[in-house]
Amino acid sequence: MSTNPITWPEAEVVSRPFVDRLHEWVTTVDHKRLGLMYIFYALIFLVIGGIEAAIMRVQLSAAHNNFVSPQVFNQMFTMHGTTMIFFVAMPLVFGFANYLLPLMLGARDMAFPRLNAFSFWLTAFGGILLYFSFLGGNGLYGAGGAPDVGWFAYAPLTAPTFSPGHSTDFWTLSLLVSGFGSIGTAINIIATILCMRCPGMELRKMPLFAWLNLVMAGMVILAVSPLSAAQIMLLIDRYLGGHFFDTQAGGSAVIWMHFFWIFGHPEVYVLVIPAFAMASEIVPVFSRKPIFGYPVMVAATVCIGFIGMSVWAHHMFTIGMSSNANTFFVLSTMAISVPTGIKIFNWLATMWGGKIEFKAPMLFIVGFLFQFLIAGLTGIMLSIAPFDWQLGNSYFVVAHFHYVIVGGILFAVFGGFYYWFPKMSGKMYDEKLAKIHFCLFFVGFHLTFDFMHIPGLLGMPRRIYTYEPGRGWDAWNLLVTIGVFVQALSVLVFAVNLLWSYLKGNLAGNDPWDAWTLEWSANSPPPAYNFASVPTVKSRRPLWDLKHPEDPDWKYE
Amino acid sequence: MSAASATVPAAEFRWSPAVRGQLGMYCLIAAEAAIFTIFVVAYLFYLGKSLNGPTPREVLHFPVAMTICLLSSSVSIHLAASSLRKGRIGTFAGWWFLTLALGAAFLLGTALEWRHLIYEKRLTIQTNLFGTTYYSLVGLHAFHVVVGLVGLSTVLLLTLLGSVRRQHSQRVDVFALYWHFVDSVWIVVVMVVYVIGR
Numbered sequence: 234m235s236t237n238p239i240t241w242p243e244a245e246v247v248s249r250p251f252v253d254r255l256h257e258w259v260t261t262v263d264h265k266r267l268g269l270m271y272i273f274y275a276l277i278f279l280v281i282g283g284i285e286a287a288i289m290r291v292q293l294s295a296a297h298n299n300f301v302s303p304q305v306f307n308q309m310f311t312m313h314g315t316t317m318i319f320f321v322a323m324p325l326v327f328g329f330a331n332y333l334l335p336l337m338l339g340a341r342d343m344a345f346p347r348l349n350a351f352s353f354w355l356t357a358f359g360g361i362l363l364y365f366s367f368l369g370g371n372g373l374y375g376a377g378g379a380p381d382v383g384w385f386a387y388a389p390l391t392a393p394t395f396s397p398g399h400s401t402d403f404w405t406l407s408l409l410v411s412g413f414g415s416i417g418t419a420i421n422i423i424a425t426i427l428c429m430r431c432p433g434m435e436l437r438k439m440p441l442f443a444w445l446n447l448v449m450a451g452m453v454i455l456a457v458s459p460l461s462a463a464q465i466m467l468l469i470d471r472y473l474g475g476h477f478f479d480t481q482a483g484g485s486a487v488i489w490m491h492f493f494w495i496f497g498h499p500e501v502y503v504l505v506i507p508a509f510a511m512a513s514e515i516v517p518v519f520s521r522k523p524i525f526g527y528p529v530m531v532a533a534t535v536c537i538g539f540i541g542m543s544v545w546a547h548h549m550f551t552i553g554m555s556s557n558a559n560t561f562f563v564l565s566t567m568a569i570s571v572p573t574g575i576k577i578f579n580w581l582a583t584m585w586g587g588k589i590e591f592k593a594p595m596l597f598i599v600g601f602l603f604q605f606l607i608a609g610l611t612g613i614m615l616s617i618a619p620f621d622w623q624l625g626n627s628y629f630v631v632a633h634f635h636y637v638i639v640g641g642i643l644f645a646v647f648g649g650f651y652y653w654f655p656k657m658s659g660k661m662y663d664e665k666l667a668k669i670h671f672c673l674f675f676v677g678f679h680l681t682f683d684f685m686h687i688p689g690l691l692g693m694p695r696r697i698y699t700y701e702p703g704r705g706w707d708a709w710n711l712l713v714t715i716g717v718f719v720q721a722l723s724v725l726v727f728a729v730n731l732l733w734s735y736l737k738g739n740l741a742g743n744d745p746w747d748a749w750t751l752e753w754s755a756n757s758p759p760p761a762y763n764f765a766s767v768p769t770v771k772s773r774r775p776l777w778d779l780k781h782p783e784d785p786d787w788k789y790e
Numbered sequence: 264m265s266a267a268s269a270t271v272p273a274a275e276f277r278w279s280p281a282v283r284g285q286l287g288m289y290c291l292i293a294a295e296a297a298i299f300t301i302f303v304v305a306y307l308f309y310l311g312k313s314l315n316g317p318t319p320r321e322v323l324h325f326p327v328a329m330t331i332c333l334l335s336s337s338v339s340i341h342l343a344a345s346s347l348r349k350g351r352i353g354t355f356a357g358w359w360f361l362t363l364a365l366g367a368a369f370l371l372g373t374a375l376e377w378r379h380l381i382y383e384k385r386l387t388i389q390t391n392l393f394g395t396t397y398y399s400l401v402g403l404h405a406f407h408v409v410v411g412l413v414g415l416s417t418v419l420l421l422t423l424l425g426s427v428r429r430q431h432s433q434r435v436d437v438f439a440l441y442w443h444f445v446d447s448v449w450i451v452v453v454m455v456v457y458v459i460g461r
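Protein chains in written order, with this note's numbering: chain B, 234 to 790; chain V, 264 to 461.
Mixed in with the good hints, there may be bad ones.
Stated by the list, open to error - Just the calculated beta-carbon pair ranges, DEER-fashion:
#, chain 1, residue 1, chain 2, residue 2, range
1, V, Leu421, B, Ser555, 50 to 58 Å
2, V, Thr387, B, Pro760, 55 to 63 Å
3, V, Tyr289, B, Phe251, 27 to 35 Å
4, V, Arg378, B, Ile617, 26 to 34 Å
5, B, Lys668, V, Phe308, 52 to 60 Å
6, V, Thr300, B, Pro760, 55 to 63 Å
7, V, Gly402, B, Leu255, 39 to 47 Å
8, V, Asn315, B, Glu701, 41 to 49 Å
9, B, Asp784, V, Ile352, 56 to 64 Å
10, B, Ser543, V, Leu334, 46 to 54 Å
11, B, His256, V, Leu421, 52 to 60 Å
To be verified - Which residues of chain B face chain V? A partial, calculated answer using Cβ under 7 Å:
#, residue
12, Pro346
13, Ile420
14, Cys428
15, Ile454
16, Leu468
17, Ile469
18, Gly474
19, Gly483
20, Val487
21, Gly659
22, Met661
23, Leu680
24, Pro702
Rather than coming from a laboratory, the hints here were simulated on the basis of the structure.
C-beta atoms are modelled at their ideal positions from N, C-alpha and C, and glycine is treated no differently.
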């Protein structure tokens with residue numbers, strides 16, 4: 234494809250007053266703008282959540298430290314967890330899905346553009362509601378501030394007796410509101426993928442990105458709804474005097490745990506499957522080979538979707554379930570590593586014998602593969618109930634799930650950022666800065682989360698605001714804290730790179746990676762209408778067919 | 264892109280933009296079903312766990328009239344939707360109004376039942392676990408009926424103003440799906456609350 238002149242009416246846009254442009258963004262129903270807003274929104278909250286993490290780590294860097302009070306520490310881990318899952322990871326996932334799906338499927342927009350905007354603003358206001366608690370959480374009781382019940386808010390901590398004031402209400406309501414936003418977006422994603430594909434794009438010719446996001450959206454519908462139901466019950470308890478989680482009246486604290494983790498564990502797959510989706514697009518392009526085992530990849534993902542709905546109680550081994558329940562959840566948790574392993578082998582087989590180019594997207598994806606494997610291995614350790622009885626609620630668990638979320642998901646998303654940045658902005662990022670970002674982030678990540686396993690093994694529980702010296706935890710905690718600041722520095726490099734490249738970068742052209750999916754045939758950045766004429770595809774790699782008419786893919790698929 | 268057209272076999276089912284409304288509604292129904300499932304599980308889990316009375320057996324009576332109203336409204340909305348598909352606006356308005364009336368009658372039944380429970384049987388959402396789970400589950404369903412009635416009245420108003428035509432039948436079909444869902448949830452609620460739970 235030749236580099237077409239960009240059709241974006243740039244001069245016109247710049248000349249209009251700021252208020253007009255703002256109005257345009259606020260009222261937009263364009264999937265690309267909503268996607269970008271999701272992503273910006275997530276990046277802002279990434280910084281906020283990161284600052285909260287840094288505050289905790291400074292407090293824990295030495296024994297008997299007095300950087301923050303225990304009350305503030307409780308608020309920090311609650312807000313950090315809630316922010317990172319609901320207002321960073323979910324919007325990032327939805328942002329990329331929103332931006333890329335119509336382009337990859339050859340569509341003009343999502344299936345329900347207005348629902349799309351509605352869902353975004355629900356999520357946005359959910360986040361603002363959560364952070365308003367810093368101002369409004371005191372309520373009439375003069376207690377609280379930000380929520381401090383932990384991100385899974387176990388009963389009876391959330392009962393009015395233990396959470397006076399409105400801090401817990403802000404937590405509940407913000408998750409309820411953003412949950413409705415998530416369900417709306419998931420409905421939109423499913424309808425878009427099933428109904429809006431361009432002619433010739435059968436289900437088995439869709440990019441893997443679309444397939445994986447379809448599974449993700451299905452899981453959102455089945456997993457976020459139970460969370461919303463549980464939040465409604467909590468509101469009934471807190472406002473109407475109900476007894477769902479009130480043990481004094483015969484209610485059960487354990488049923489909240491079940492309801493929360495019926496959401497909580499599938500949520501991990503909701504976040505990691507889009508990361509898999511990005512890996513499945515980036516690995517083939519930078520290995521210069523088609524993806525290995527496309528049907529098996531799809532089948533493995535659907536498998537993960539199914540098994541992922543039935544593993545939730547492995548978060549609850551320590552509460553004393555029956556041995557039958559323990560056995561079931563041990564086995565289902567171990568079973569899910571099989572389809573996950575299949576995917577890892579498929580990516581490796583795609584790279585095997587390929588002409589691998591280690592540009593920034595591929596570097597991050599290789600990091601993702603390596604770290605996600607380790608995260609999976611500590612996951613198998615924790616899936617063994619007796620092992621979990623020893624290490625449940627310790628820093629080993631914290632290290633494990635940060636390995637999944639940072640080492641797995643965030644690495645893949647950074648890869649996705651560099652891969653699609655040229656499409657979204659029309660400019661090429663700076664490869665040198667990107668490599669510095671990767672190196673710093675890699676070092677910082679491993680400094681923090683490798684060493685975090687060790688105090689956990691030595692018995693350090695999570696969520697303590699300080700500890701006695703001389704338990705062998707001090708040096709490890711200091712190293713972990715140093716790693717956090719290396720990570721913060723690398724994210725700064727990332728932000729500078731995006732900003733500088735957007736303003737001063739070289740033009741990227743429509744197809745800088747010589748890639749094969751439809752989004753690379755649109756202009757960079759794509760015009761509001763995406764494609765001037767409706768594309769028609771005959772294979773999984775329509776742009777390969779176009780570039781190599783003598784040897785097209787559809788002859789072999 | 265050059266238009267090298269891919270020939271799709273005519274017999275194969277094609278997801279078309281026309282079915283996206285239906286598909287979106289089915290997805291919403293799946294999400295709603297998950298929400299109701301959690302409330303039903305909580306109801307069943309807490310059966311017989313209340314520390315004090317009244318118990319379901321003492322105060323609940325099988326709601327025959329309400330059930331007949333709601334289930335027959337599914338038939339009437341089906342007849343309404345099919346007459347709109349044939350372009351018979353008058354018949355459509357009649358059946359649609361009947362649906363609205365049956366839904367409102369159902370809601371009136373719920374209101375009377377709750378009044379009876381609150382004022383005569385002294386059962387509120389705070390009384391015991393039965394009260395909490397009962398009012399939550401039945402109330403969640405009643406809330407969905409209210410949303411349905413708002414939709415039904417909006418369409419009826421638009422029909423009386425003369426702006427509902429044959430080409431809107433797809434949208435009415437999508438709404439009918441929601442109403443059928445609310446009705447089928449009632450079957451589950453009746454089974455759980457008034458049959459198994461009593």
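Note to self: A range of 46 to 54 Å was offered for this pair. Does it hold for the Cβ distance of Ser543/B and Leu334/V?
What the structure shows: Roughly 34 Å apart at Cβ, these two residues miss the hinted range, so it is violated.
Item checked: Residue hint Gly659/B, partner chain V, criterion CB-CB below 7 Å -> violated (20 Å)
Next item on the list: Could you see if the CB distance from Thr387/V to Pro760/B stays within 55 to 63 Å?
Entry: Given a distance of about 59 Å, which is inside 55 to 63 Å, the answer is holds.
Check: Against chain V, with CB atoms and a cut of 7 Å, does the hint on Leu468/B hold up?
Finding: With a closest approach of 10 Å, the Leu468/B hint is violated.
Check: Taking 7 Å as the limit, does the beta-carbon of Gly474/B come near enough to a beta-carbon in chain V?
Finding: holds (4 Å)
Checklist line | chain V contact restraint on Leu680/B - CB to CB distance below 7 Å | finding: Constraint on Leu680/B not satisfied, violated at 41 Å.
Note to self: A range of 56 to 64 Å was offered for this pair. Does it hold for the Cβ distance of Asp784/B and Ile352/V?
What the structure shows: holds (59 Å)
Check: Does Ile469/B pass the interface hint, meaning its C-beta sits closer than 7 Å to a C-beta of chain V?
Finding: Ile469/B check passes; min Cβ-Cβ to chain V is 6 Å, inside 7 Å.
Notebook entry, point to check: Taking the least C-beta to C-beta distance, is Pro346/B closer than 7 Å to chain V?
Noted result: Since chain V brings no Cβ nearer than about 12 Å to Pro346/B, farther than 7 Å, the hint is violated.
Item checked: C-beta pair Asn315/V, Glu701/B: status relative to the range 41 to 49 Å that was hinted -> holds (47 Å)
Margin query: Interface hint check: Ile420/B, Cβ to nearest Cβ on chain V, cutoff 7 Å. Holds or violated?
Written below: holds (4 Å)
Next item on the list: For the range 55 to 63 Å, tell me whether the beta carbons of Thr300/V and Pro760/B fit it or not.
Entry: violated (44 Å)
Consistency with the previously given hints fails for numbers 3, 4, 6, 10, 11, 12, 16, 20, 21, 22, 23, 24, ordered from lowest to highest.
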